[in-house]
Amino acid sequence: MRLIKIPISLFALIVLASCATSRTMDISDFRHPIIVSKLRYPGDKGGDENLVSSTSIGNYRKSDEYFISQGQNMTTETKRAVRGIEKPYLKVNKITVEAHDYWFLSHSDSSSIMMEVDSASMVKPGEVK
Amino acid sequence: MKKFLLLLLFPFFFSSCVGGGARGELYFEEAVYPVSISKGTFLNETGTLAKESDYEVVGKFSTSYTAWAFFWGFASLENHIELGERINTQVKQAGGDAVKNLTVHVQAGLLNLTPVLSLLPFWPNTAVGTVSGDIIRYKLASEISVN
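Read top to bottom, the protein sequences are chains X and W.
Residue numbers are given in the working numbering: position 47 of the first sequence equals residue 418, and the series is strictly consecutive.
Residue numbers are given in the working numbering: position 28 of the second sequence equals residue 99, and the series is strictly consecutive.
Zero decoy hints are in this set.
Computed list of lysine to aspartate or glutamate pairs in EDC-like fashion (alpha-carbon distance at most 20 Å, straight line):
1) LYS131/W to ASP397/X
2) LYS465/X to GLU156/W
3) LYS409/X to GLU156/W
4) LYS409/X to GLU96/W
5) LYS465/X to GLU153/W
6) LYS416/X to GLU116/W
7) LYS110/W to ASP397/X
8) LYS122/W to ASP400/X
9) LYS462/X to GLU96/W
Hints listed in this document are in silico derivations from the structure and should not be mistaken for laboratory results.
Take the sequences, apply the hints, and build the full model.
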């Protein structure tokens with residue numbers, strides 16, 4: 372009996388761990404660049420962007436259904452951020468990741484990935500479009 | 072049988088009054104290569120978007136990170152996580168020019184679910200995750216015309 376105590380306890384912990392909240396941000400289907408580095412193209416020196424506006428894009432998880440809908444909204448929000456800008460891209464200032472799990476008799480979890488972004492254009496200020 | 076069930080429920084019981092988490096901030100400031108979260112990348116300063124025929128995928132970028140906190144996740148440490156150097160190392164090794172399709176994943180760490188110990192305020196809480204993407208190499212003009 373003692374011999375099986377450890378595997379059973381481990382199994383129970385693994386079951387618990389599998390309930391841990393998680394979140395993935397995947398916007399790979401978006402056609403405009405979403406740049407997280409200082410450089411935007413090979414050979415770039417950086418610093419000559421034309422910033423248009425600042426916004427934040429986020430996705431949260433409350434339940435699996437919400438998880439799926441927020442995944443879609445991620446692209447919708449991103450599209451909104453570049454609408455109407457010629458040669459647009461998003462300049463990401465930072466990505467905030469967060470995950471919490473609380474078990475007070477019932478399970479409560481939340482995880483999020485937030486991006487602080489500037490909408491920007493490759494057209495320099497003053498340049499004739 | 073009763074003993075067996077009690078044994079199985081033991082970790083759930085102690086975990087029914089614990090919890091925690093953490094928050095981290097990811098930066099790529101040290102990266103000397105362009106890094107895009109989407110499939111879009113720029114070819115040059117004119118804002119021309121690279122077509123699929125303009126580059127080839129030469130490798131996969133992948134790295135993991137951990138954000139730390141105490142007091143059941145309410146007091147995050149300074150979690151400025153710089154991933155630029157890791158980008159530089161892996162892109163250089165793969166002989167690439169840029170990274171695209173960057174995917175970010177985050178998950179609550181297993182430490183948060185440790186029975187009994189996670190009740191302590193100074194027990195470390197974590198948020199762990201991975202960042203992955205495609206390393207690409209831009210083709211030379213001669214390579215594009217041949218293909």
